[in-house]
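Chemist: Chains C and U are the protein sequences, given in the same order.
Quick note on numbering that gives the first Met the number 0: the first sequence kicks off at 0 and runs consecutively.
Quick note on numbering that gives the first Met the number 0: the second sequence kicks off at 0 and runs consecutively.
Honestly, the hints are just simulated from the structure, not real lab data.
Model, not experiment: these values are computed from the prediction.
By construction, the Cβ of each residue, glycine as well, lies at the ideal position given by its N, Cα and C atoms.
Among these hints, one or two may not hold up.
[Unchecked claim] Estimated spans, in silico, between C-beta atoms of each pair:
no.	chain 1	residue 1	chain 2	residue 2	range
1	C	THR159	U	GLU439	39 to 47 Å
2	U	GLY642	C	GLU123	23 to 31 Å
3	U	PRO11	C	THR159	26 to 34 Å
4	U	ASP530	C	THR8	40 to 48 Å
5	C	ASP1	U	ASP530	41 to 49 Å
6	U	LYS475	C	PRO20	23 to 31 Å
7	C	GLN67	U	MET36	21 to 29 Å
8	U	LEU228	C	SER157	57 to 65 Å
[As the list claims (entries may be wrong)] Restricting the straight-line Cα-Cα distance to at most 25 Å, the calculated cross-link-like pairs of lysine-lysine (PhoX-like) are:
no.	chain 1	residue 1	chain 2	residue 2
9	U	LYS647	U	LYS768
10	U	LYS32	C	LYS145
11	U	LYS647	C	LYS145
12	U	LYS168	U	LYS397
13	C	LYS153	U	LYS15
14	C	LYS145	U	LYS717
15	U	LYS32	U	LYS270
What follows is each chain in one-letter form.
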Amino acid sequence: MDRVPITVTVNGRTYTAAVEPRLLLVHFIRDVLNLTGTHNGCDTTSCGACTVIWNGRPVKSCTVFAVQADGTEILTVEGLEHDGQLHPVQEGFWEEHGLQCGYCTPGMMMTAVALLAENPAPTEEEIRAAISGNLCRCTGYVNIVKAIQYAACKMRESATAGVGGA
Amino acid sequence: MTATGVRGIGVPVKRKEDPRFIRGKGTYVDDVKLPSMLSMDIVRSPYAHARIKRIDVSKARAMPGVIDVITGEELAKANLAWMPTLMGDRQMVLPTDRVVYYAQEVAAVIATDHYIAADAVLAVEVEYEPLPPVLDPFEALKPDAPLVRPDRDQKTNHIWHWEAGDKEKTDRIFQEAEVVVAQDLYIPRIHVASIETCGCVANYDPATDKLTIWMTSQAPHAHRTVFSLVTGIPEHKIRVISPDIGGGFGGKVPVYPGYVIATYATLKHKKPIKWVEDRSENSQADSFARDYHIQAELAANRDGKIRALRVKVLADHGAFDAAANPSRFPAGLFSVCTGSYDMEAAHVEVDGVYTTKPPGGVAHRCSFRVTEAVHTIERMVDVLADELGMDPAEIRFKNFIQPHQFPYKSPTGWEYDSGNYPAALQRALDMIGYRELRREQAERRARGELMGIGISTFTEIVGAGPSHTFDILGIKMFDSAEIRVHPTGAVIVRIGVQTQRQGHETTFAQIVAEELGIPVEYITVEHGDTDTAPYGLGTYASRSTPTAGSATAVAARKIREKARLIAAHLLEVSPDDLEWKDYAFRVKGAPDRYKTMQEIAFAAYTSFPLGLEPGLEAECYYDPPNLTFPFGAYVCVVDIDRGTGQVKIREFLAVDDCGTIINPMIVEGQIHGGLTMGMAPALFEEIVYDENGTVLTGTFMDYLLPTAVETPHWKTAKMVTPSPHHPLGAKGVGESPTIGAPPAIVNAVVDALSHLGVRHIDIPITPAKLYRILQEKGVAE
Numbered sequence: 000m001d002r003v004p005i006t007v008t009v010n011g012r013t014y015t016a017a018v019e020p021r022l023l024l025v026h027f028i029r030d031v032l033n034l035t036g037t038h039n040g041c042d043t044t045s046c047g048a049c050t051v052i053w054n055g056r057p058v059k060s061c062t063v064f065a066v067q068a069d070g071t072e073i074l075t076v077e078g079l080e081h082d083g084q085l086h087p088v089q090e091g092f093w094e095e096h097g098l099q100c101g102y103c104t105p106g107m108m109m110t111a112v113a114l115l116a117e118n119p120a121p122t123e124e125e126i127r128a129a130i131s132g133n134l135c136r137c138t139g140y141v142n143i144v145k146a147i148q149y150a151a152c153k154m155r156e157s158a159t160a161g162v163g164g165a
Numbered sequence: 000m001t002a003t004g005v006r007g008i009g010v011p012v013k014r015k016e017d018p019r020f021i022r023g024k025g026t027y028v029d030d031v032k033l034p035s036m037l038s039m040d041i042v043r044s045p046y047a048h049a050r051i052k053r054i055d056v057s058k059a060r061a062m063p064g065v066i067d068v069i070t071g072e073e074l075a076k077a078n079l080a081w082m083p084t085l086m087g088d089r090q091m092v093l094p095t096d097r098v099v100y101y102a103q104e105v106a107a108v109i110a111t112d113h114y115i116a117a118d119a120v121l122a123v124e125v126e127y128e129p130l131p132p133v134l135d136p137f138e139a140l141k142p143d144a145p146l147v148r149p150d151r152d153q154k155t156n157h158i159w160h161w162e163a164g165d166k167e168k169t170d171r172i173f174q175e176a177e178v179v180v181a182q183d184l185y186i187p188r189i190h191v192a193s194i195e196t197c198g199c200v201a202n203y204d205p206a207t208d209k210l211t212i213w214m215t216s217q218a219p220h221a222h223r224t225v226f227s228l229v230t231g232i233p234e235h236k237i238r239v240i241s242p243d244i245g246g247g248f249g250g251k252v253p254v255y256p257g258y259v260i261a262t263y264a265t266l267k268h269k270k271p272i273k274w275v276e277d278r279s280e281n282s283q284a285d286s287f288a289r290d291y292h293i294q295a296e297l298a299a300n301r302d303g304k305i306r307a308l309r310v311k312v313l314a315d316h317g318a319f320d321a322a323a324n325p326s327r328f329p330a331g332l333f334s335v336c337t338g339s340y341d342m343e344a345a346h347v348e349v350d351g352v353y354t355t356k357p358p359g360g361v362a363h364r365c366s367f368r369v370t371e372a373v374h375t376i377e378r379m380v381d382v383l384a385d386e387l388g389m390d391p392a393e394i395r396f397k398n399f400i401q402p403h404q405f406p407y408k409s410p411t412g413w414e415y416d417s418g419n420y421p422a423a424l425q426r427a428l429d430m431i432g433y434r435e436l437r438r439e440q441a442e443r444r445a446r447g448e449l450m451g452i453g454i455s456t457f458t459e460i461v462g463a464g465p466s467h468t469f470d471i472l473g474i475k476m477f478d479s480a481e482i483r484v485h486p487t488g489a490v491i492v493r494i495g496v497q498t499q500r501q502g503h504e505t506t507f508a509q510i511v512a513e514e515l516g517i518p519v520e521y522i523t524v525e526h527g528d529t530d531t532a533p534y535g536l537g538t539y540a541s542r543s544t545p546t547a548g549s550a551t552a553v554a555a556r557k558i559r560e561k562a563r564l565i566a567a568h569l570l571e572v573s574p575d576d577l578e579w580k581d582y583a584f585r586v587k588g589a590p591d592r593y594k595t596m597q598e599i600a601f602a603a604y605t606s607f608p609l610g611l612e613p614g615l616e617a618e619c620y621y622d623p624p625n626l627t628f629p630f631g632a633y634v635c636v637v638d639i640d641r642g643t644g645q646v647k648i649r650e651f652l653a654v655d656d657c658g659t660i661i662n663p664m665i666v667e668g669q670i671h672g673g674l675t676m677g678m679a680p681a682l683f684e685e686i687v688y689d690e691n692g693t694v695l696t697g698t699f700m701d702y703l704l705p706t707a708v709e710t711p712h713w714k715t716a717k718m719v720t721p722s723p724h725h726p727l728g729a730k731g732v733g734e735s736p737t738i739g740a741p742p743a744i745v746n747a748v749v750d751a752l753s754h755l756g757v758r759h760i761d762i763p764i765t766p767a768k769l770y771r772i773l774q775e776k777g778v779a780e
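In isolation and in its complexed conformation, chain C is listed as follows (with noise of 0.2 Å):
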């Protein structure tokens, strides 16, 4: 099969590759790149291990192809922390104990900072509604629940700050 070039940004680098059309988005980003921390679960999109940001929403990165994301931009787990500081999520996955095996967390990081950008004071309803299509297998949900209320916390907290020292 012809090989068709791509490009596309991601965690704020830009990728050019040549790759088969079929080739989905999640093996794009895990074989063709190698940031192996997006996982691949169901590939019926099910279980959300494979979520991304893409262009500012939270996708299933299998039931993408790689070509379709020509030319935007893309956000995974590995993009995440800054200059050696976690992002809230991260950070609020790792105090409140929000993960076991840590297999679905990326994807769950991922959906849980898109719910946060829309809704920076989510309730506890509105996070497990957010998160209905990343599955768990470990932690029973409640944690990471507590997870993302302390990010939003978090978050609240800083932006306020922000405007204070402005």
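Guided by the hints, dock chain U onto chain C, whose structure is given.
Modeler: Just chain U now, with coordinates in the frame of chain C:
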């Protein structure tokens, strides 16, 4: 390093393993990439039972990028078409003439890329002659049933018969008893469905003549031994690495054909081979759990005192007996089914049966069939309460083994180590406001609403060994730890068990921190690499803390005893004049004269006493004297929607007692996860087959895992009744909630409908199933 910074046992230390996972820097099997690595994909059977007439691999072989197509015929020449199971049965790696379950491995394609391998799988032509499937274990035992395993000498589908308890005494009590209740229960076939599927990277390096296999393995040492025995490769030339594992729950205990084929392929092609299942392969063909058809009876006095339990089970094992139970316990620890109740006698019979379904019978976050045992007794106690018109809490208080009866010898031969069942149930009832709930239920019932309250007061049995009773394929079930204290007082701990992220890297460090007074951040825990870790039997059945946790504590104490000699030398006193207090060796009567473990460690390499062996390290192979018996009291409150048949868990309270708690945060997390995994088969999950034996639940679109929306906000409470024989008093916790939750939920649903004459409902209680019952009882809306 101060004493307050030790953060040993009982402290909610944040997990040491998390920084890599939250950064996406874990290394799971699929993340392992080696130069020149090839991909393997598997051709699977579209029939549950068929004769293979012909396999034509020519088109697949001719495809660009395809390196090889491996069939059973080729493996047979290497004597690898069959492999032993962990139950002493044998299992096909690849078939030579017939298939015995849907999605069974038929051939394997090796290609330069996994897309090409997947294309080539479709190009392998297999001609089958379908044979009648054998799907019902009762039918399987009839004389005219098709034979699943003609390779065996025994020409029936019966595998084994196993019994426990006193048949004669039990039958006598049943004859004379004032009340007898009987109930059939089916605990359906379910799947662990870890979010990471199974797979491996097998790499034979001719330069070193060494075979390295990164494998989704919960028991890397046992797997290395099996691989050595099967292939004839000397064991020191095989290295099994179990890297980060994306959930195990028992599903990564068995040896799957894919591991063996990939190993054969790397030996043949001398290149690394990666095989990672997709979700459907995992759901359709990997080890199942449960599938127990149970007939249970209780004999009791009219006042509610239970006298005896009689249970008969047909266990559907699929086409090969490939569970991972101890060799003397083909039905696992099912005979713990007398539960938390004191009774005069019990008799349990289990028969294993072959059917044309995938092999398995693994734990699924359950200690060797204890889920089945607890479901049986916890349902039966409610059935008896219903018969006698008693409250389910009252009948439990009447029958509990009392605290003074421990150690308690059960009628099927177990010695329960410790417990306080009445206190646990009382605590749960008080916390949830049981009387008030009963009042509310009566009011709602009067209004036609369906609300139920369910109780489960379970006893779990974990921590196998002891070795005199427990082994897997003859390998005794001990476990191990090795500790090295470096000159600066930093420590490496290597353990024989392996973690699927239950938090061993943190909790085992806390054990050593507590025992040696070294801050937890200076302690690294390693596991899962057979070249470096001491031999152990792996992590499943909640055995890590009872076995390797003990080994870690004992090894640390050996180090402390040697450290005492060095401290005495440094302080110029007799070893007997020292006491270990506040994480240091202190001179008795002069506690300000002391040496910390860091000071002692440095001296162990720089100024040790003459005649003493230098260094500061120890190991322990721990053979537990008994199992441990965690327990709990769970209360579940449900509301049933009469319009849809949907069960809503309004409240769920879990009071757990797992003995001494090493890290309360991790214990809490284990309980949340276990409760969710217990709720899943109670309400949603079941592997369903059609009449041809085709799996209808092969994806997450039809095999329903609970999401955050269905999962309630679990409430928990803890009690601590230490194990008297465990060095730390710890018992193990991971699986208790999965065992305790299902009957609490079912008892709640049945309780909501008991006034309508409903006494039992088999799991999963799906809306469709429940709505039909509501219709039958005339209460559907």
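Chemist: So, for every hint listed, does it hold in this structure?
Modeler: Going through the hints against the structure:
Between THR159 (chain C) and GLU439 (chain U) the Cβ separation comes to about 43 Å, which falls inside the hinted range of 39 to 47 Å. The hinted range of 23 to 31 Å is satisfied by GLY642 (chain U) and GLU123 (chain C), whose Cβ atoms lie roughly 25 Å apart. With their beta carbons about 29 Å apart, PRO11 (chain U) and THR159 (chain C) fall inside the hinted range of 26 to 34 Å. Against the hinted window of 40 to 48 Å, the Cβ-Cβ separation of ASP530 (chain U) and THR8 (chain C) comes to about 41 Å, which satisfies the hint.
Between ASP1 (chain C) and ASP530 (chain U), the C-beta spacing of about 45 Å keeps the proposed range 41 to 49 Å intact. Separation of LYS475 (chain U) from PRO20 (chain C) is about 55 Å and departs from the stated range, judged on CB atoms against 23 to 31 Å. At about 27 Å, the beta-carbon gap between GLN67 (chain C) and MET36 (chain U) stays in the expected band of 21 to 29 Å. Restraint check, LEU228 (chain U) to SER157 (chain C): a C-beta distance of roughly 59 Å satisfies the suggested window 57 to 65 Å.
With a C-alpha separation of about 15 Å, the suggested pairing of LYS647 (chain U) with LYS768 (chain U) holds against the 25 Å cut-off. Between LYS32 (chain U) and LYS145 (chain C) the alpha-carbon distance is near 35 Å, which puts this suggested pair outside the 25 Å criterion. For the proposed pair LYS647 (chain U) and LYS145 (chain C), the alpha carbon gap of about 22 Å is at most 25 Å, so the pair holds. Distance hint between LYS168 (chain U) and LYS397 (chain U) is fulfilled; the C-alpha atoms sit about 22 Å from each other, no more than 25 Å.
Our distance criterion of 25 Å between C-alpha atoms is met by LYS153 (chain C) and LYS15 (chain U), whose separation comes to about 22 Å. This hinted pair checks out: LYS145 (chain C) and LYS717 (chain U) have alpha carbons roughly 20 Å apart, not beyond 25 Å. The suggested pairing of LYS32 (chain U) with LYS270 (chain U) holds, with an alpha-carbon distance near 12 Å, which does not exceed 25 Å.
Hint compliance for this structure: hints 6 and 10 are not met, and every other hint is.
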